[in-house]
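S.K.: The lines below spell out each chain.
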Amino acid sequence: MFDKMIYLDNSASTRLDEKVMDAMKPYYFDTYAVATSEFGYSMGIEAKEGLEEARETIASSIGASAEEIVFTSGDTEASNMAIKGVLAALKKKKGEHIVVSKIEDFSVLNTAKNLEKLGYGVDYISVNAEGIVDLDELKSKIRDDTVLVSIQHANQEIGTLQDLDSIAKICKEKDVLFHTDATHSYARVPIDVSKTPVDLISMSAHTIHGPRGVGALYVRKGTPLDKWMDGGFQETNRRGGLENIPGAVGFAKAVELATEKETEFLVSLRDYTIKRVFEEIPHVTLNGCKTQRTPQNANITFHYVEGESMTLHLDMRGFAVSTGSACFSRSLEASHVILGIGGDHERAHGSIRFTFGRYNSMEDVDAVVEAIKEIVSQLRAISPLFNK
Amino acid sequence: MKFPYTEKVLEHFKNPRNVGKMENPDGKGLEGSPACGDMVAVYLQVDPDTHIIEDIKFESYGCASNIATASIITELAKGKTIEEAKKISWQEATDQLGGLPPVKAHCSVLAVEGLRAAIRDYEEKHGLVTEQEPTTVDVIRSRLKHVMNPMAGLDIVRTELVTKMEINDGVVRILIDLPSNHQFATNIKEEVLEKIESLWDVKEVNVVFTE
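Line order of the protein sequences matches chains A and B.
Here the numbering used here is used: the first residue of the first sequence is 1, the next is one more, and so on.
Here the numbering used here is used: the first residue of the second sequence is 1, the next is one more, and so on.
Hints may be right or wrong, so weigh each one.
[As the list claims (entries may be wrong)] Chain B stretches covered by chain A per the calculated footprint, using a threshold of three residues with CB under 8 Å from any CB of chain A:
id, stretch
1, 14-28
2, 57-63
3, 139-147
Hints were generated in silico from the structure; no laboratory data involved.
All figures in this text were calculated on a predicted structure; none of them were measured in a lab.
Every residue, glycine too, gets a C-beta built ideally from N, C-alpha and C.
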């Protein structure tokens with residue numbers, strides 16, 4: 001390992017903030033009881049208070065009320081709960097059809113694919129070259145038996161932000177429920193459920209310097225949702241399983257620490273990266289949308305070079321980034337997001353995703369850009385596609 | 001910390017041998033495809049009397065396995081006669097590198113194919129191909145093994161994307177199990193044509209997609 005690894009893969013996961021750790025600790029060592037009712041013993045009552053305060057914090061961050069928040073083990077569980085819970089509640093009353101976008105993260109995409117295998121109907125909506133969902137296609141694919149539309153707020157790879165208001169409006173008009181996976185925008189890009197009529201939202205703590213293994217699902221009051229995770233009566237009988245109280249408390253602390261000022265700082269890192277790369281390296285393409293983009297994401301294709309070679313060279317110099325190249329993935333499949341925005345394999349092959357977090361600095365950007373400049377010119381020098 | 005690559009692979013990846021383009025090569029081979037993944041070019045300079053490979057260069061648009069294998073292959077081939085160099089196998093190259101992750105096999109096979117294609121090119125250009133073999137289904141199959149199935153990262157023969165191959169009187173017909181409007185249909189068709197049309201006795205190639 002290096003003295004200092006420069007970690008630029010903050011959409012994969014983030015470093016925990018010490019303040020989050022400090023907030024969680026008492027719930028491991030002092031108030032470690034399970035949450036009990038107000039008729040239980042004092043340590044359990046205190047634990048319950050900690051959990052409910054955390055719920056209040058998450059709720060108010062999106063303009064919801066506390067009883068609309070269900071804690072989960074993360075965004076994957078939240079999305080499974082939303083999609084499968086709504087289908088279970090409505091399949092007999094309304095139908096067995098859902099609509100998702102083609103560039104969803106695997107938590108939604110593979111849930112949809114699996115439901116398809118089980119006989120449910122799924123339509124996959126295309127996106128344009130910037131990754132924005134085709135609203136006309138969305139309208140046309142919603143049927144009488146459609147029960148749910150699940151379209152992400154922000155994309156995990158290219159950072160494109162969807163227009164939630166317009167999607168929510170369409171869903172409202174067509175009388176279908178709307179779920180959005182906000183894992184990569186939550187606490188960075190505001191959502192206000194009192195203004196945007198979205199019914200279900202998946203959120204996660206680990207993308208905002210919170211702990212892993214905890215997330216939440218916002219469920220608008222009155223939304224039909226069958227219990228998906230069977231077990232005890234926790235979370236007002238909406239999710240079985242012992243509550244992760246330290247996790248929930250850490251999640252709430254992470255939300256408090258993700259300030260607007262920090263968002264502006266992430267935007268400055270992102271924009272500085274894009275600016276330097278475009279000014280100093282020829283033959284590059286920005287993947288995603290210039291304006292509707294998460295604060296932390298810069299995804300750039302360096303043409304004529306391959307992504308795994310680049311990430312390996314960067315790793316040897318102490319930088320962590322990711323790529324959409326097929327060579328990088330365990331499955332040897334190129335990024336479905338880059339292919340989804342109409343990019344070919346060549347575009348995915350040389351794509352690098354930089355995602356920034358609290359512990360990055362302008363100096364980190366300078367260092368990675370300098371490294372990339374050298375690596376790209378070195379790899380282009382040996383590329384048969386590059387005209388020297 | 002454990003990398004999936006051996007020290008030798010990483011060393012060749014960091015400092016690849018014999019890289020670059022060669023002006024006026026005696027033989028040149030290009031394998032792979034930018035549409036589907038990795039690509040490798042091999043250039044040869046061959047002594048016309050002894051048929052010894054005097055100089056060899058490669059270029060790669062590929063991952064670490066691809067670059068490292070191409071690098072070691074140039075080392076293995078340099079100084080050998082073209083007959084000897086033809087026998088360099090993927091296994092030999094992999095062994096020399098101390099092994100490669102199994103999932104990366106196809107990236108490294110490309111490098112070996114690149115060398116063989118360069119030797120074939122040299123032989124064709126220098127009249128060393130004494131008798132031209134007629135194109136059979138087997139010849140077509142082996143050529144199509146160089147066309148990648150982008151969905152799988154393996155070739156279209158092994159992934160059973162090709163469902164039928166026929167040749168009658170120089171007319172080749174290839175059936176591909178994809179709808180013609182599939183996002184990769186055009187890419188795959190172009191590559192199939194490129195691999196088959198150059199065969200000396202092929203007059204026409206029809207690529208048919210299933211609906």
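S.K.: Each hint should be assessed against the structure and marked as holding or not.
M.R.: Hints, one by one, checked against the model:
1. 14-28: Per the Cβ count (5), the hint holds.
2. 57-63: n = 6 at 8 Å, threshold three: holds.
3. 139-147: violated (count 0)
Against the hints set out earlier in the document, a violation occurs for number 3 only.
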